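Trainee: Letter by letter, the chains look like this.
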Amino acid sequence: MDFGLSEQQLSMQESLRRYLQQAAGLEHLRSVVADGPVHDATLWQGLADMGLTGLLVPQAYGGLGLPLMDAVLVQEVLGEFAAPVCFTASAILAPLALALAGSDAQQEKWLPRLVDGSLQVAVCITDAGGSREDAGVTAVNDKLNGRLMFALGAASAELLICSCREGDLYLVHRDAPGLEWTSMRSVDDTRCLWEIKLREVAAELLLPEAGDALAPVSAAGRIALAADTLGAAQTMLDKAVAYSCERQQFDRLIGSFQAVKHMCAEMAAELEPCRALLWYAAYAYDAVPDKRTLLACHAKAHLGEVGTSIARTATEVHGGMGFTDLLGLHYWFKRIGFNRQVLGSPDRLRAQAARVQGWGVQADRLMEQGGGYR
Amino acid sequence: MDFGLSEQQLSMQESLRRYLQQAAGLEHLRSVVADGPVHDATLWQGLADMGLTGLLVPQAYGGLGLPLMDAVLVQEVLGEFAAPVCFTASAILAPLALALAGSDAQQEKWLPRLVDGSLQVAVCITDAGGSREDAGVTAVNDKLNGRLMFALGAASAELLICSCREGDLYLVHRDAPGLEWTSMRSVDDTRCLWEIKLREVAAELLLPEAGDALAPVSAAGRIALAADTLGAAQTMLDKAVAYSCERQQFDRLIGSFQAVKHMCAEMAAELEPCRALLWYAAYAYDAVPDKRTLLACHAKAHLGEVGTSIARTATEVHGGMGFTDLLGLHYWFKRIGFNRQVLGSPDRLRAQAARVQGWGVQADRLMEQGGGYR
Amino acid sequence: MDLAYSPEHKKFQEEVRDFLQQTQPQWPPSRTVGRASPEAMRWQALLIERGYTARSIPREYGGHGGEPDLLKSHIIAEEFARAGAPGGLAGQGISMLVPTLLELGTPEQKERYVKPTLLGEMLWCQGYSEPGAGSDLASLRTSAVDEGDDFLVNGQKIWTSTAHEADMMFALVRTEPDAPKHRGISYLLLPMSTPGIEVRPLKTMTGHAEFNEVFFTDVRVPKSSIVGNRGEGWQVANTTLKFERGMLGDPNEAGRRFNDLVTLMQEETLDGLSLMDNPLLRDSLVRLQAKVLAMQYNGMRLLSGELRGEVPAIARLIVKLQGCELNHQLAALAIDALGELGLLYDNSPRLRAEGAWQRKYMFDLGLIIGGGTAQIQKNIIAERGLGMPREPKLAAAPQSGGAR
Amino acid sequence: MDLAYSPEHKKFQEEVRDFLQQTQPQWPPSRTVGRASPEAMRWQALLIERGYTARSIPREYGGHGGEPDLLKSHIIAEEFARAGAPGGLAGQGISMLVPTLLELGTPEQKERYVKPTLLGEMLWCQGYSEPGAGSDLASLRTSAVDEGDDFLVNGQKIWTSTAHEADMMFALVRTEPDAPKHRGISYLLLPMSTPGIEVRPLKTMTGHAEFNEVFFTDVRVPKSSIVGNRGEGWQVANTTLKFERGMLGDPNEAGRRFNDLVTLMQEETLDGLSLMDNPLLRDSLVRLQAKVLAMQYNGMRLLSGELRGEVPAIARLIVKLQGCELNHQLAALAIDALGELGLLYDNSPRLRAEGAWQRKYMFDLGLIIGGGTAQIQKNIIAERGLGMPREPKLAAAPQSGGAR
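Chains as they are written, first to last, in this note's numbering: chain F, 1 to 374; chain Z, 375 to 748; chain R, 749 to 1152; chain C, 1153 to 1556.
Honestly, the hints are just simulated from the structure, not real lab data. This structure is a prediction, so every number in the text was calculated from the model and none was measured. Hints should not be assumed to be uniformly reliable.
[To be verified] From the structure, some residues in chain C lie toward chain R, with a derived Cβ separation under 10 Å:
id	residue
1	P1431
2	D1435
3	K1545
Where a beta carbon is used, it is the ideal one built from N, C-alpha and C, also for glycine.
Construct the entire structure; sequences and hints are all you get.
Mentor: Here is the structure:
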């Protein structure tokens, strides 16, 4: 019995941190996102060269075939650095969906290119966040019609994996006729978001041998974003502590004021148990499939709340400097804000966590009859 | 334009405080409630002698015929002292219901006895808090059948005013055949609660000339309990500040620690705006009837939340002593807890505040169809 | 408790309403903080003439010269807000410098500065905060060295909004370096065109440069530019800060924001159902409504307190802390209600309210921190409001290094 | 990350399960803190024999004499909890005094006290806190004056649970009045039957006397009753306090309480609808579930850390603060879910769970305050966990009077 990370996992995180310290520091981040949301291709290639984009790809296709946990640990470190890459879409959701539900031909064609970093995939699971402005696509005879909102993924994505209203996953080529991509701009310029219109677009159904593919893909995405928030929030806390041990006001370090100490202590006290929750959610994804959805909902919802609170408190500890662009603290603040809403807001995730436990189903049924509230 | 209390109102509160300081101090409270929930008849007579039980009774029946505000200000001071009397039932709800919907004969018979303090009335508005264990009474041909839970009022109450499932108010004599009273015991021994079974009990309908009587009576009860919480919370805050300016630990007054200061500051910052909210709710009860229900819901819900938080924080500021019986702080703690639940919990009141503004009616309708959730 | 107006004030209220109805075609675009447009300046002149702004400032200094009447001022603010009409010019020159000069300025200073400031011809910025002097403002270091008739100013200011377009600055500088912290400061007026002043925009987390940094290198300022006595700038500034702090946490802003939030929740849907039908969002909305109302009524209570001449201390001290927090919570709920749509920013497609909710959510954090952080506010409430003991004096020299 | 047990531990797990199944008829009523019943003492002896309690305490002192195996201890706790079986005897004698004696006691002290304590024959209470020494424990004043072979003890203790039935007390007393605060304290063992000791029950807000006050008037205690060195009682006590703090905020308690809350919400109705169908209550429930799970997994992480020999510091330091708060929030939600029913207490008709929710709601507040208040916990997390600077030293004598 061992509840914790292995030596290999810890050293993988450490080497990634070392790499990002030199390749993705604050100045790099600033320059890369200066003109809006990006996927940093150079950085991506660096991750591929470290073998990280293929962590989840089966060994048969050149990947490492590791459990979700390892990719989640990478995502955590990317969150620590607010790294401007779409890791969740191309290195977590895409390989999982393809490995789970792709045909041999599809796997052979695409998985190796995920490993070498040459392929970017966009992913849109509208269901996860709920449908706004009637977004959603309908599949008839493998033709998709409709509109997807809030797809995650790089501008250079060649493929799109999306869910349709009926709950199936589809694979779509970027150059398929009838597709129209529009870039959306969120507060967080370190990830890209898209609106995609589809008119009679040819698509390939991703159908697993057993069960559905949407649920595990949703769960993995949520765990990944929770990990990203864990990393980002830890960075904000660390920066707040460090700043409070440097900054003087009223002839003393502000970190010696009890108010500041308690703000930092509360952040730590909220955040630290999230680490164990996240680990268990990632572990359960592979080891306890029954609890997959429940724990993914809990991890993302809870980290969404804790992260938001830390983003705010850490900014406050920095005083005016936290509010300026000078320290760049806001990149993490916005990253956490993004993770909170994408793939399901906390209250929506809690409702789903209740549903999978059979709690309050009568109320849900009544509301669904009335208009689809989930 | 004047948003505030008049000289008369302030001096009425001051004389009441002076009276309670000598007649209802902590030692008195302890001795009175030693054996369980009570209505302190001596204290009640004292209030009657000051003219306070007749504040709301029309002048024609010997009362002062004042607006609700004045009774609310009395209730606030009673909350400050956690005074063991059922003022809300006998001096606020009963005179309002009788004045609003009583016949001339009923008014003539009962109102003067409210003024001189010789009559106690119990009140039960089951609707306000929602029905637990299918409590509720049905009225057919002025006969009541069913079960009332959580009636407020003294053991010596001669009358009961209650609402039936259909939403009407009824007047019932304590000695009417078919009535069975059972005392309930809550954490708060300074007020009495009753369960009342009714089998074919003869009752007199209280029907106002226009509108219904239940809504204003509910609103008044809620504003009264909110006022009680305001007074009780203010006492807890004052005691916390005073204690922190006396108690030394680590060679300094604990009130000089920033953590303790901020706890007290946060209590004050939360509580002080409640005062204006409560005043406006009491004022609107008579002056802006359209907003009566909305503001009553807001005042009680918001003071319920703020009060709970202050009850806890003020106890914490007192450290271990706050947890003991020695300082008696818990009488206020429990008083606030009682006010939070009785006549509608905060979430239920917020739902009603939304409904009267037409917000979310579709969802409410769906849920009501499904089982009566309000 | 009587919220009706006297006949005189009712009449005044009608006057204001009539005025606003008649002048609607002349309304300039809603007021901004920086340089006033010609329309805005004309509007300002009209408002002064009618006594709807600069009401009690003497005519000789460009004001309306009326008797102070708090209730009329309240009616003006209320009616302008109700009609959605732009008020008079704002900005730190009008709200902070003018009252200070009227109280402490020399006749020449009043003569020279008040009227053009009121009319929007002269724009001011405030030079108080420094990178090392935020919460602890009195530790400011920008120096003004005595050089005969002039001071030679060197140092840096931060958080200087409108510095890039201002004509003038009112600033705190250290004229007596050897005096105790609070004693060696003077309050100085200086033209922004003086050689040696450099203004750099200060970008914040919102992505915009709402503020500036201002650098002083051997900037020469005549000694006659001091307001109040030399070395007493701290007291002069506190006269002014009082006005600034009164503006933060305005419950009317919370009211407007709340109404926008209600509209949003009525208009937006999720999975085809109105957001207002989401029981969790609705509950959060009503929870905030109670706080908004409480702060608005608290504001009315304060107004009545001023009319009576007895302002309830705690009710006043908590306004900034509670008001700014409430505004922030309103923006937070709007973002949550919008979900992913609430993340959108800049000129994104599907953007709601031009990204105002996110911008406010972030800017509010700046307001929670600025003008006395939430922590400083709590100290003030505890010490001045509740009479709790001050932080005890420390034993020795400044701590450094800490226990890391 | 691998949550499976090794074959050895799996086998052990089965052994425990079998044992519990077979012995179920013998289980005494669930364990209490005070004096043990004869059945509980027999059960305790059986558990020691099997190594399910007092596992690694040497046989010569009445323990099982096994090798320490944290994982087996964890399995035991887990299986007992799963089966709902009563564990071994608890109480401050077993959990705090015994480990202290084993570490620092003389051979005579171990000989004399450990075995009867383990077997439940000797009941202890703890004499640390005093009315004036709570958070600031080191300022305690109960004096033990040197009188040749004995100390003469005078003073008062508070928060002494089980004092009214205990045989013995382990106490902190001041033996060196002139030494610095932390240096003059000694750790003393004394029979509660010693003349001059008076025990008065201390009623708390729950209405029950869970604690006592203990008064000492010229109580004579032989010097041989000191544990550790004279004047080093502070260090001795800290060995013990470590054990106490580990017990507060137990995530298993949160788990049990959460399950009870789920049952409550499934069984109770409001207006005919299950409480679980109330979207607001359900949301609050799930919110707390995430916290309960997080604290439980945090506990597993700590266990693994102990097994590895590297306990993550912050994960450990936060347990008391977060765990006690979480338990309190669970009770608060239960009360809210029950509405007026949640107010009922004592032997009221319609009472739910014998009033346990209200009792816990209040008692938790005592736990949040006791054993290091929430504020002290935050200081510790900030200073020891995050390496932030300590409170700077004060300038002069104690403040008094304040600024009121």
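Trainee: A closest beta-carbon separation below 10 Å is what the hint needs, so does K1545 (chain C) meet it against chain R?
Mentor: 4 Å, holds
Trainee: Taking 10 Å as the limit, does the beta-carbon of P1431 (chain C) come near enough to a beta-carbon in chain R?
Mentor: 4 Å, holds
Trainee: Does the CB of D1435 (chain C) sit less than 10 Å away from some CB of chain R?
Mentor: 6 Å, holds
Violation of the numbered hints given earlier is absent; every hint is satisfied by the structure.
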